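Protein sequence lines, in the order shown, are assigned to chains A and B.
Here the first sequence stands for residues 1009 to 1142, where the numbers follow our numbering.
Here the second sequence stands for residues 576 to 884, where the numbers follow our numbering.
Think of the hints as simulated: they come from the structure by calculation, not from any bench.
Nothing false has been slipped in among the hints.
With a straight-line cut-off of 30 angstroms between C-alpha atoms, the simulated DSSO-like cross-links for lysine-lysine are: (1) B:K842 with A:K1124; (2) B:K688 with B:K706; (3) A:K1135 with A:K1124; (4) A:K1025 with A:K1039; (5) B:K700 with B:K688; (6) B:K842 with A:K1025.
Remember, it's a predicted structure, so these values are computed and weren't measured experimentally.
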Amino acid sequence: MDLIININPGSSVPIYKQITEQVRLAAATGKLQVTDQLPSVRALAESLVVNPNTVARAYADLAREGLIETRPGRGVFVIHKRKVLAREEGRRRIEPLMNTLISEGLAMNFTPDELKEAFEKKLSQWKNEKGPKQ
Amino acid sequence: MSDQPVIRTRGLTRYFGARCVVRDLNLEVPRGCVFAFVGRNGSGKSTTIRMLLGLLRPDRGQASVLGCDSRQLTPEIRARIGYLTEEHQLYGWMTVREAGEFQAAFFPRWDEKIFRGVIGHFGLKPEARVKHLSRGMRAGLCLALTLAPDPELLILDDPALGLDPVARRSLVESMIYLTRRSDRTIFFSSHHLGDVERVADYLAVLDYSVLRVCCPLESFRDNVQEVQLRFAGAPPPLPAIPGFLQAIRSENQLRVTCVHYNGETEKVLRYLSPVSLELVPLSLEDAFISYLGERGEKSFILSDTEVSS
Chain A
1009 MDLIININPG SSVPIYKQIT EQVRLAAATG KLQVTDQLPS VRALAESLVV
1059 NPNTVARAYA DLAREGLIET RPGRGVFVIH KRKVLAREEG RRRIEPLMNT
1109 LISEGLAMNF TPDELKEAFE KKLSQWKNEK GPKQ
Chain B
576 MSDQPVIRTR GLTRYFGARC VVRDLNLEVP RGCVFAFVGR NGSGKSTTIR
626 MLLGLLRPDR GQASVLGCDS RQLTPEIRAR IGYLTEEHQL YGWMTVREAG
676 EFQAAFFPRW DEKIFRGVIG HFGLKPEARV KHLSRGMRAG LCLALTLAPD
726 PELLILDDPA LGLDPVARRS LVESMIYLTR RSDRTIFFSS HHLGDVERVA
776 DYLAVLDYSV LRVCCPLESF RDNVQEVQLR FAGAPPPLPA IPGFLQAIRS
826 ENQLRVTCVH YNGETEKVLR YLSPVSLELV PLSLEDAFIS YLGERGEKSF
876 ILSDTEVSS
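In isolation and in its complexed conformation, chain A is listed as follows (with noise of 0.2 angstroms):
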């Protein structure tokens, strides 16, 4: 296991939130494989010096979400790599990227149309040259 977590107050993340999306960046990117054991609720919360309350409720959205279980007496582990989380999460991650285009693009005085063949054009390039083409 590789899991290394950094917690930053002050973000804009709740640090719920922060745990909860390393630790799936983590089991996405294969640094943490199934089976893997996490650190408990209280270790963790010590280690990243922050309230164990906050890590049980990160651990239970994950648990929640069918990522990890926790096995009574036994500790934290990595049952599952469920492709439709890292759907829902890239959704999550497009959609502020997706606003910027559209509406950098319309303060440009695009219309619409223009923006969607502009899209359109681009997204055919990709899928003929798997890359970006000027």
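Starting from the known structure of chain A, fit chain B onto it as the hints suggest.
Positioned in the frame of chain A, the structure of chain B alone reads:
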């Protein structure tokens, strides 16, 4: 018994002369939580704490701590409360060990292991003279003296005041260590919202003597949000927005913070026909600052669900 709040106030009010310092305060602190009490300087936090401990009489209302009226705290009840304030009395001629022995004499439940653990955590040597300690070390010693009697309820009045970042971190670590006992309650005031975010379960905000927030920390964050609106040209003037806190305008952008953003709020903002409308999460500090800002209307977040403005 254990479901009873550890601290409970009803209509607690105190004047200094004609000035009301704490107004009609209703507070409940559940057992086993870490409760952060924040607010600007002079908002009434220390006065509240002194009333809780029976060190100051309320002019109206009532406070109880560990089920006992604050005005009639017995020595037995007091021994179950750890109180740390800036003006902690220490004798400079004593060594750290002697200060511990002196304090231990007053407490039947004194736990030498806790005392040694905390002074070790702050890098204090038992044979060091109190008068030669740095401010951070003194704070560590005071904390050790407060924690070693193993109090059920720990009341810390701005314990981070004047501490350097390393000492402050040690303080936060000690507080987290204390939560190992799930029946221990910590009530603390602080200006360091980063620390509050690390340790607190609940947040209460006192503003000009009035309690304006009292809820789980995350509920406060969920309820204070910023909306970023972009416009093709200059942003139009703002209509009345429910729960409005503040607005910052720039060339073609409007950033509006408000409490309890919902469909109704969005409808009002959509009327301005922005090019885009985006909900942006705020840091705890930004949420706190815009919540206590002078520009908007005063709103209240006083429980998990109930929001009024």
